[in-house]
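Participant: Each chain, written out:
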Amino acid sequence: MKERLCEVGLALCGCGGALFSAAEAGKVLAALKGAGVAVKQVLLSQSLCTAAGMEEAVSHLKDQGPAKLLFAGCSSSRRPGLLANMAARTCLSPGATYGVTLRPGAGALLHAAAILRGLKALAARPAFQTRLIHLEQRVLVVGSGPAGLQSARDLRALGYETVLVDQGVETASGSEGLPGGLILYNGSRLAALNGQLGSFKALLETPCGNRTVSCGAVVITCGAGGVGRFELVEGLLGSGSLTDGAGRPTGCTELYGLPIVPLAELAAFVGGLPRGKETLTVGLLLDLVLDEPVSSMEEALRLGRELQLRGPQRIERQVYLFCREVKVSSLPLQGLYDEAREAGVVFVQVEGRIGLEAEGRGVAVSCRDSVLSAELRVLCDCLGVSPLGLSLAADPVLAAGTGVAVDGLGQLQENNIHLFPELTNRPGVFVAGPGRGQYALPQALREARAAALAVHRLLAQKHLEVELANAQVDADKCALCLACVRSCPFKAMGVNREKAAAESYPEACRRCGLCAGECPARAIELPLHTDAALLALVD
Amino acid sequence: MEKKKIVAFCCENSSLKAAEALSDPSLLEAVEIVALPCLGKIEIGLVLKCLEKGHPGVLVLGCPLDNCQYLRGNYRAVKRVERVRQLLGEAGLDESRVRMDFLSSLDSHRLAEILQGIKRSEA
Amino acid sequence: MSRFLIIGAGISGCSAAYELAQEGHEIEVLDCASAVGGKVLSYCCKATTACSRCGVCVAHTRLSEALYHPRIHFSLGVSVEEATRSYGEITVRVRRANPSIDYRRCIRCNACLRACPTGCIGVYSRAELVQYPVDYSRCLLHQGKPCAACSRACPTAAITAGSPSTDLDLSAAAVLIASGHQPYDARRKLRLGYGRIPNVLTAVEAEMILSRQSFLGRPGGSVAFVQCVGSRDPKEGRNYCSSVCCAYALRLARLLKHRSPEAEVTVYTIDLQNFDKAFSLLREELVSSSIHFIRGVPYSVEQVMGDLSRGASAAGSPVLQGKLRLRVESPQGGESVVEHDTVVLSVGMGPAAGSARLAEIFGLEADVFGFFSRGSGEAGSGIVTAGTCREPQSITDSMASARAAALEMGRGL
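Chains as they are written, first to last, in the numbering used here: chain A, 1 to 539; chain B, 1001 to 1123; chain C, 2001 to 2413.
Calculated directly from the structure, the hints in this document are not laboratory data. If you're wondering where the values come from, they're calculated on a predicted model, not measured in any experiment. Take these hints with a grain of salt, some might be off.
Said to hold, decoys possible - Here are the simulated distance ranges between beta carbons:
| hint | chain 1 | residue 1 | chain 2 | residue 2 | range |
| --- | --- | --- | --- | --- | --- |
| 1 | B | S1026 | C | R2212 | 12 to 22 Å |
| 2 | B | L1093 | A | G105 | 30 to 40 Å |
| 3 | A | G168 | B | E1113 | 31 to 41 Å |
| 4 | B | S1026 | C | T2049 | 21 to 31 Å |
| 5 | A | A191 | C | R2212 | 49 to 59 Å |
| 6 | A | G228 | C | T2049 | 34 to 44 Å |
| 7 | C | R2411 | A | P396 | 34 to 44 Å |
| 8 | C | S2125 | A | A106 | 17 to 27 Å |
| 9 | C | D2169 | A | G344 | 50 to 60 Å |
For glycine and all other residues, C-beta sits at the position ideal for the given N, C-alpha and C.
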């Protein structure tokens, strides 16, 4: 733990004369003195906000060593990383720096007034201690599908101990097989994830009982899992799309015998059908529940074209592709769409409700064709349905247990533009693949690699030095209502049993102040933006 | 005694950046800017304190929903501003003294419109 | 630590540069324009009270992080002449136009603007990005006349203005081509009237206007979005979907409707393409909003010149001067005639103007549309591509593509 004594340094930049010239700088300092402020060290410059000026400042300040630094100059104090960069290189903690923006043409007195306000705010901040957090060099990967295996492979190549967890009993090992040195838990699930980044405690439910695995980071790559015929028909019944000829209540069990399969199994199913008829009508159904992503259309186009063209001799096939929109937003797809049409696939663009009814030994698809503006009913000998939307994207129990927020469609990632594809709201927990809504395989693999590299960026340094400027809870005022624990988007608040109060974890706390704003007892303060400092600004 | 101005709580990541990119910086004189790391920090008590100190109004300027860098700060701020307005209404005061608006860091023109509106209403 | 070269200072180039620079490498970024940011600089924020996740704000943050990063150096106004490879290094010869501003020294004092005799230095200031594009066609120095007014006025010696251009030889361990795209030239669709008829805009122009004000044409006027202009078009050699046009048109439509609720907003589409993982949620919102969605492609736009006294239009109603009349072909085969105040053409993306030349210089393979696939076939050729020069994609996808390229370059994965 380090501690610095309280001393304030002032870095004053005239910005090439735009704020004040070298001569006028003296007036600003005189005005400050007149207000009774004596600053320990002053660094005057006309170009502090440039890379070159910064070099000069850093070398100067490193020798002088103030414990706190006020930068007063142009709006570049807001420029990403400028203050942090300056602080890091002069061995100051980021919380010990503060930027004041001076306005051009304001004059020496107003500049001095602005600097004074900044000094007051900076003085109100204590010098922060730091803590060294050990980062466990083990990573937990949840889900052993293609994305999970890609992450695991990359993590092993980067030298991390990798634990792979999968609900299924069989592991899909892909063409390259399992990477070496992996610890695998089959038939197991992640029930809860406690702790913070660098020291997570993952609770696994395995066939041999519960296990706790400690790890530094977690990569979640599970999706909705395999949807077989049974789950598909269940889902169709549940969504109300599937009925028998007389309405649902009677003959429900017969509906399971209908020729409805998930899209992925359709080709094999069609191949296995008895060759009785002359023309086989094959239906492909997309967009039943959700607007499906382009990867579904790509799969359907390839399948439709194959089925239309490669029928066995003397048996004609007619493929109908039902969708709400023809999704072609990937470069080769318009060409694929043209080929499918040329091959003879009939595209039906539907609007409104799609109904599936058992008829004879087939399924009748009823819908409204938006192009012809007419009601349509097509009797299909077999039907391939895209299961998207019929089951949830991700397991809600997993989401609840890991504290990862889901979006409106149940996908394991909030819809916030600042979250890159592999990031979640919880620091140290990453996602990739269908669980977060990425159904296209090349992109899912790319995200899995990005997740592995994000883990590496986090854990490579082996220790994390965190500044203790996180949200502080006054134990006397805290009533353990847990509003802060529930409202923290980053799951950075927990309960300290000894103090009988809530506390924030410095390695995860983002210093946003949501907890402080939420606390009904006004027990939480942000050291970098204390209530006193804010009130002073309002005066 | 200087006339008290409307207090504008600005989040560092959106409205403050828009304020710094204003083509006419003199518009900023219409309000008293208080920078916050995130609007989620706003407490109902702080807003009421501003009104208590004699400021004519409070303007809460933040990122559009789902644009918050801290994910949910603006959602919480919306709830708190609603609550403050409700309290003001119950106390018989003018609810419109406290309001919230959303703009991203690129929307300097919208900020200019808002500030011009304030300048006009005070003139 | 290595040195890398990136061709293209748009969002893809800058994202990759930032990632690599954070790892500790030195990066040189080149662009033919005199400003950093590429096409993103013209786009506007399309949020209502909720973010529409277009990515423009995040892009600007990333661009400014790259612009001021100590390990990233930009050379702007550059044309690439030649590239050679030897001993695992790639050397690129470029010609850089002067005056050239070193953003690592620039303090944004605007002294160069004031000193310039022809006013050829402009200022772009949005969010945290401030830079000074130079209009070389008006610059005296660039025309061969000696002028160094900007350089003399600069208090931090950030401007080089000694000669009209400087030749540079840059070597790097690997090169990233992120040369971007250019929008389809809507003038090629003669019957849509772009360039002839006022109030017919491209979407790029619409975004530039909406960066400064909250309406298009007259406040409360009706706006029509025409989709697939220059996309899904075999006759123009563009038989592909540009993927971003439905995204931006829907966001712009929603924005316009929010800012002027009384305005009529109509979107004419073939299909509505998906974008981002929350598209289903947005679709529900849009369908229940009062934006009109019409399946059908307008093939002609005419300006209506008559006034009320001239009589009725083909549709049988009185006609107001200045309106635009569109003829729309419906999928059923019929035709309808509609009128709007402003028409926005959603133009698609095509390969950038200089991409053929870049392909030749760097030995890149291009597909039938001119987009680059991976580098010249050999593994370890040291040339990587990212962004919209590979295929039309959104800002967020371009950034992901750039990060993937940076990971590949930085770690050899």
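Participant: Return holds or violated for the Cβ distance of S1026(B) and T2049(C) against the range 21 to 31 Å.
Facilitator: holds, 28 Å
Participant: A range of 31 to 41 Å was offered for this pair. Does it hold for the Cβ distance of G168(A) and E1113(B)?
Facilitator: With a Cβ separation near 57 Å, G168(A) and E1113(B) fall outside 31 to 41 Å, so the hint is violated.
Participant: Would you say the C-beta atoms of S2125(C) and A106(A) sit inside 17 to 27 Å of each other?
Facilitator: holds, 19 Å
Participant: The hint says 50 to 60 Å between D2169(C) and G344(A); measuring C-beta to C-beta, is that right?
Facilitator: Since the Cβ atoms of D2169(C) and G344(A) sit about 58 Å apart, the hinted range of 50 to 60 Å holds.
Participant: Taking the beta carbons of S1026(B) and R2212(C), is their distance inside 12 to 22 Å?
Facilitator: This hint holds: roughly 19 Å between Cβ atoms.
Participant: Is the hinted range of 34 to 44 Å satisfied by the C-beta distance from R2411(C) to P396(A)?
Facilitator: holds, 36 Å
Participant: Is 49 to 59 Å a correct range for the gap between the Cβ atoms of A191(A) and R2212(C)?
Facilitator: Distance hint for A191(A), R2212(C) holds at roughly 54 Å.
Participant: Is 34 to 44 Å a correct range for the gap between the Cβ atoms of G228(A) and T2049(C)?
Facilitator: holds, 43 Å
Participant: Can you let me know if the beta-carbon spacing of L1093(B) and G105(A) is within 30 to 40 Å?
Facilitator: With Cβ atoms ~38 Å apart, the hint holds.
When held up to the earlier numbered hints, the structure conflicts with hint 3 and nothing else.
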